[in-house]
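Visitor: Protein chains in written order, with my numbering: chain V, 1 to 202; chain P, 1 to 202; chain G, 1 to 234; chain H, 1 to 233; chain B, 1 to 233.
Hints in this document: simulated from the structure, not taken from any laboratory.
Here the structure is a predicted model, which is why all the values come from computation and not from measurement.
Where a beta carbon is used, it is the ideal one built from N, C-alpha and C, also for glycine.
Where hints are given, some of them may not hold.
As the list claims (entries may be wrong) - Counterexamples of contact, computed for chain B against chain H with all Cβ distances above 12 angstroms:
#: 1; residue: PHE31
#: 2; residue: TRP65
#: 3; residue: PRO73
#: 4; residue: ALA75
#: 5; residue: PRO76
#: 6; residue: PHE77
#: 7; residue: TRP135
Stated by the list, open to error - Using 30 angstroms as the maximum straight-line C-alpha spacing, the simulated DSS-like pairs for lysine-lysine come out as follows:
#: 8; chain 1: B; residue 1: LYS45; chain 2: H; residue 2: LYS17
#: 9; chain 1: G; residue 1: LYS29; chain 2: G; residue 2: LYS223
#: 10; chain 1: G; residue 1: LYS76; chain 2: G; residue 2: LYS234
#: 11; chain 1: H; residue 1: LYS45; chain 2: B; residue 2: LYS17
#: 12; chain 1: B; residue 1: LYS17; chain 2: V; residue 2: LYS72
#: 13; chain 1: P; residue 1: LYS72; chain 2: H; residue 2: LYS45
#: 14; chain 1: G; residue 1: LYS76; chain 2: G; residue 2: LYS223
#: 15; chain 1: P; residue 1: LYS52; chain 2: P; residue 2: LYS72
As the list claims (entries may be wrong) - Computed spacing ranges between beta-carbons, pair by pair:
#: 16; chain 1: V; residue 1: ASP70; chain 2: P; residue 2: TYR104; range: 43 to 49 angstroms
#: 17; chain 1: B; residue 1: GLU218; chain 2: G; residue 2: GLN109; range: 52 to 58 angstroms
#: 18; chain 1: H; residue 1: ARG41; chain 2: B; residue 2: TRP135; range: 32 to 38 angstroms
#: 19; chain 1: P; residue 1: LYS75; chain 2: B; residue 2: LEU47; range: 35 to 41 angstroms
#: 20; chain 1: H; residue 1: ALA25; chain 2: G; residue 2: GLU221; range: 55 to 61 angstroms
#: 21; chain 1: H; residue 1: ARG41; chain 2: V; residue 2: ARG194; range: 49 to 55 angstroms
Each chain, letter by letter, is given below.
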Amino acid sequence: MSFDIALSLRRGERSLEYAFTAGSGLTALFGPSGAGKTSLLDAIAGLLRPDKGRITVGGTTLFDSAAHIDVKPQKRHCGYVFQDLRLFPHISVRRNLAFGRKAYGGLDWDHTLDLLGIGGLLERMPATLSGGEAQRVAIGRALLSTPDFLLMDEPLASVDAARRDEILRLVERIRDEMRLPILYVSHDRAEVERLAQTIVPV
Amino acid sequence: MSFDIALSLRRGERSLEYAFTAGSGLTALFGPSGAGKTSLLDAIAGLLRPDKGRITVGGTTLFDSAAHIDVKPQKRHCGYVFQDLRLFPHISVRRNLAFGRKAYGGLDWDHTLDLLGIGGLLERMPATLSGGEAQRVAIGRALLSTPDFLLMDEPLASVDAARRDEILRLVERIRDEMRLPILYVSHDRAEVERLAQTIVPV
Amino acid sequence: APARQSPVVLAAASLQESMNAAADAWARKGHPRPRVSFAASSALARQIASGAPADVFVSADEPWMDDIQNKGLVRKGTRVSFLRNDLVLVAPRNSNVRLRIGRNMPLVQALGNGRLAIADPAGVPAGIYGKQALTRLGVWPSVQGRLAPGDSVRGALALVSRGAAPLGIVYATDARADPGVRVVGIFPAASHDPVSYPVTTLAASRNPEGEAFRRYLLSSEGKAIFRRFGFGTK
Amino acid sequence: MQPLSPAEWEVLVLSLKVGGVAIVATLPVAFGLAWMLARWRFPGKVLIDAVVHLPLVLPPVVTGWLLLLAFSPNAPFGAFLERTLGLTFLFRWTGAALAAGVMALPLMVRAMRLSLEGVDRRLESAARTLGAGPWRTFIRVTLPLSANGVLAALVLGFARSVGEFGATITFASNIPGETQTLPLAIYSALQIPGSDSQVVRLAGLSVLLSVAALVLSEWLIRRSGQQRGRHVI
Amino acid sequence: MQPLSPAEWEVLVLSLKVGGVAIVATLPVAFGLAWMLARWRFPGKVLIDAVVHLPLVLPPVVTGWLLLLAFSPNAPFGAFLERTLGLTFLFRWTGAALAAGVMALPLMVRAMRLSLEGVDRRLESAARTLGAGPWRTFIRVTLPLSANGVLAALVLGFARSVGEFGATITFASNIPGETQTLPLAIYSALQIPGSDSQVVRLAGLSVLLSVAALVLSEWLIRRSGQQRGRHVI
Ligand SMILES: Nc1ncnc2c1ncn2[C@@H]1O[C@H](COP(=O)(O)OP(=O)(O)OP(=O)(O)O)[C@@H](O)[C@H]1O
Ligand SMILES: Nc1ncnc2c1ncn2[C@@H]1O[C@H](COP(=O)(O)OP(=O)(O)OP(=O)(O)O)[C@@H](O)[C@H]1O
Ligand code: MOO
Ligand SMILES: [Mg+2]
Ligand SMILES: [Mg+2]
């Protein structure tokens, strides 16, 4: 079971509830704007504490209010592509990509940069990137951190069609060869239908 | 003639050249990530000074290096939906929307909020908005400023399908009824084909 | 024999030049030159009361010396008042003000619409003496609202020599050293408590050089140095 | 604690007046300088920066002395001010305020500069496209976005004004009711043996004054902070 | 200008030593306090804020006196430090550094606090998801993002240290070669009528010292600013 989620959290005055399980492969979160997709990803990453509930990913319990389990964000080993990217503005693209990198395992550096088309941007500062370039760097940073699972929040929103196809193939490979649980938010039906084993409406 | 552009500008080490004219209606800029779409929009808005060239929109010359014309950004009356949104973080959604508002003409306030589905967000601060909500507020802010022309940089990247359709209809109405020149950047072929009278590859 | 160490001497700031001259003379006689710390007497007395490792203290007035003596910090039998100073009225060098110092002198008139520079009469010794003198001469009530109190005698002196104040009350030694002012008159000695500078060796002093330097200050050779700078000696 | 004596009241009210006028008058000057240092690049910028820092670097008495040289009615500049604007500083509370303002200047400039450097310029360009000229952009975007720095400048400046001693006594003298602010009254008391309790009382007043300013500013910071909202982790 | 006399060299070197040690020793304390004030919320926070501001609010002489009360060998705390760590401050250059550090503290805290409040916390959460614990996040994200504030704190603190007079002379006294920093030497020169040229010379040295610090900091600011890049308008 890749994701086993049952939790409730509060955003402003609204209270949001989530409950689903998803088998192996890629799980797409699908729902209108403001439905609470990003909030769920934040909770799974450990950046937002649910009021109560349980979060299990790939068999590991990350949060359980009943059992007083709350794994720290840095121990959850998630590769999170933020909707708002959050590249570190004070370091180069290269150092952004290397930030979460581990010495062992994971994707090949050169190959990944190549696929994302960001090999030429390594010495640039994030503020000089175009929208799509920044988004691809954010994807690269998450992938290269050798995560145990992936959280991707509209990762291809500003990526052009040709590149989008290549990146989707990379995601598929990660899903199939590395067998990482992936939670994927997208508004693009076609994208979701192509990638997802499970579709969770929010 | 809605857009008559011929200019060159520098970004980092790269030199970008643009030359096209577009008739009335909506002009779509189509091109891979990093091609220079945002740079062109910035130049038309007056936020980036071209090395040389000419910018004419709806018959008004906004920039002409030969004639030493360089209209100030605040006098260009463009409604710019930024790729990075740029909502003012220190004021409420209501005051963001009212920032550029003029006493006369333009779109109806209530109706526009309704279409964008942001009527319930007026008292919220931008930092509390979801990605799609923020994007719709950014669109609203540009539309409500009673612009002479629109620059829209991937305005629907994080907007869900249902809402997207409504907003596209609004854009069509603006294009047809108010006859505003619109320069529209998108990676979505379907969107572009539906909206554009002219497609300019970058 | 182990090398003799420099004693630490705490001296009122108005003794700056003369005490340095005395320390130099003492050093020329083959002694380690005292390390002299100049500050307001009040600050020095507080340091002594806090256990500062010093050997000799020269105060610009008696009350602070009394204060540390009452706290048992003065070495018995070493407190001596050895210097005197006069209190004078000064004007900027190019001023043509004339005034005879005496009872009910027209000081206010002489000020015109200016102010009288003086060290703070609320606490700084020179200001206290000045207030005494003006009171006994009967002009304090009229001039009380026309003062420009400074943080020290030096502050008052600067106001006069810069022309910011038409008249000021300072010590004779200050007036003598500053070419920017001229002495209008000397306050009669009877009009204020004697301006006297007591010296003492401190009870906590462990350095015999300190006591030796104090004795030197009191010697005729030592006193001569201070007379050169305009002090009176006792 | 005993109630305040009339003399103590006088000192307190004067300190408030001097400190208040000092920072209010210095604020626009300091902001202008902060703006210049944060936004402009020109040869000699470090020189201006250095002049702004002077009152911090020099012993306060020297600053007071320099003020005396510049603003006394004997000096050309001081005479000019008196003749044209009727402004006199020497031995006046205005002089105490001037001294306090000058001493507060470097702190205020730095706080505001730091905030200005943190303002996202992309938001200013957004305001421009929405029809706001440079001035309106400044008032409605830049200034509120650097409000924390302005607030910090006010607090630092006020605290410095309330504590300023050396330049004031040298330049404006220590005249009860006119230029004798709290630090000057404290200094007078410090000169008298055995007057520690009076010193402590007056120092307590200074502290109260600035705690009040601090509480106010913390409240304002918190208010603006809450508005920006959405903290993660 | 004449070359420096040996006595002037001594004063200059001592000022550098005192100022340098003061800000280096104060920096971590100030950063800790800035962090607390920027990030934590707890009852009594304003109290800590007030204590930090004390040296700004109180006349320096009072601060020196309070230091005397706390750190003199007659005081319990001072005696304790002497007994256990062999630290003595009275009449030592260490005392001058302590006084300078205490006086610089409020300025340093405020500058760093201002920068910390400007750090985008979302970047810190991004670092956490990338496996960085709180400490690593601090070192690699928070600290560099608030580098401007740290730099400003160093400049302000150093300038303040170079200019600090009242607390030093009251606490550490005015001993040539040990505690006589530039401002104290200037004070001594000021006591001698007609020694204006000596005062100007020494004041010039102070100014040079801090101009050097300023130039260095401007250069560092510019460097980091260039890196962040992409200015619009
Ligand atoms: N300051 C800079 N230094 C160097 N290169 C820059 C700078 N600013 C922009 N660029 C480069 O200029 C090119 C054009 O950028 P622009 O933002 O216009 O692209 P774009 O077409 O909008 O791309 P996207 O679809 O990804 O948003 C990009 O390759 C970008 O990396
Ligand atoms: N601090 C807050 N105060 C009030 N409401 C909040 C706050 N933070 C988030 N919300 C609301 O919570 C809801 C869920 O937000 P979330 O960011 O999870 O949406 P989302 O599904 O990711 O939407 P999108 O597709 O637009 O990104 C939104 O309606 C948002 O406005
Ligand atoms: O030398 Mo004093 O103690 O300022 O009168
Ligand atoms: Mg979202
Ligand atoms: Mg772009």
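Visitor: Give a verdict on every hint.
Guide: Here is how each hint holds up against the structure:
Chain H leaves PHE31(B) outside its interface by the beta-carbon criterion, the shortest separation being 15 angstroms against a cut-off of 12 angstroms. Distance check for TRP65(B) against chain H: the nearest CB is about 7 angstroms away, which does not clear 12 angstroms, and the non-interface claim fails. In this structure PRO73(B) is separated from chain H by more than 12 angstroms, as the shortest Cβ-Cβ distance comes to about 20 angstroms. Chain H leaves ALA75(B) outside its interface by the beta-carbon criterion, the shortest separation being 15 angstroms against a cut-off of 12 angstroms.
With a minimum CB-CB distance of about 18 angstroms to chain H, PRO76(B) clears the 12 angstroms threshold, and the non-interface call stands. No beta-carbon of chain H comes within 12 angstroms of the beta-carbon of PHE77(B); the shortest separation is about 18 angstroms. No Cβ of chain H approaches the Cβ of TRP135(B) within 12 angstroms, the least distance being about 14 angstroms, so the stated non-interface status holds. Proposed proximity of LYS45(B) and LYS17(H) is supported: the alpha carbons are some 28 angstroms apart, at most 30 angstroms.
For the hint pairing LYS29(G) with LYS223(G), the CA-to-CA distance comes to about 16 angstroms; that is within 30 angstroms, so the pair holds. For the hint linking LYS76(G) to LYS234(G), the alpha-carbon distance of about 20 angstroms falls within 30 angstroms, and the restraint holds. Of the pairs offered as hints, the one joining LYS45(H) and LYS17(B) holds, with about 28 angstroms between alpha carbons and a cut-off of 30 angstroms not exceeded. A threshold of 30 angstroms between alpha carbons decides the hint, and for LYS17(B) with LYS72(V) the separation of about 44 angstroms lies outside it, so the pair is violated.
Between LYS72(P) and LYS45(H) the CA atoms are separated by roughly 28 angstroms; this keeps the pair inside 30 angstroms, and the hint holds. For a cut-off of 30 angstroms, the pair hint linking LYS76(G) to LYS223(G) stands: about 22 angstroms separates their Cα positions. As the CA atoms of LYS52(P) and LYS72(P) are separated by approximately 16 angstroms, the hinted pair is consistent with the 30 angstroms bound. Remark: the range hint 43 to 49 angstroms for ASP70(V) to TYR104(P) is contradicted by a beta-carbon distance near 56 angstroms.
Separated by about 56 angstroms at the C-beta atoms, GLU218(B) and GLN109(G) satisfy the suggested range of 52 to 58 angstroms. Under the hint 32 to 38 angstroms, the C-beta atoms of ARG41(H) and TRP135(B), about 37 angstroms apart, fit the expected range. One distance hint, 35 to 41 angstroms for the beta-carbon pair LYS75(P) and LEU47(B), is violated here, with the actual separation near 53 angstroms. For ALA25(H) paired with GLU221(G), a C-beta distance near 57 angstroms keeps the hint of 55 to 61 angstroms intact.
Look at ARG41(H) against ARG194(V): about 51 angstroms separates their beta carbons, and that is inside 49 to 55 angstroms.
Hint compliance for this structure: hints 2, 12, 16, 19 are not met, and every other hint is.
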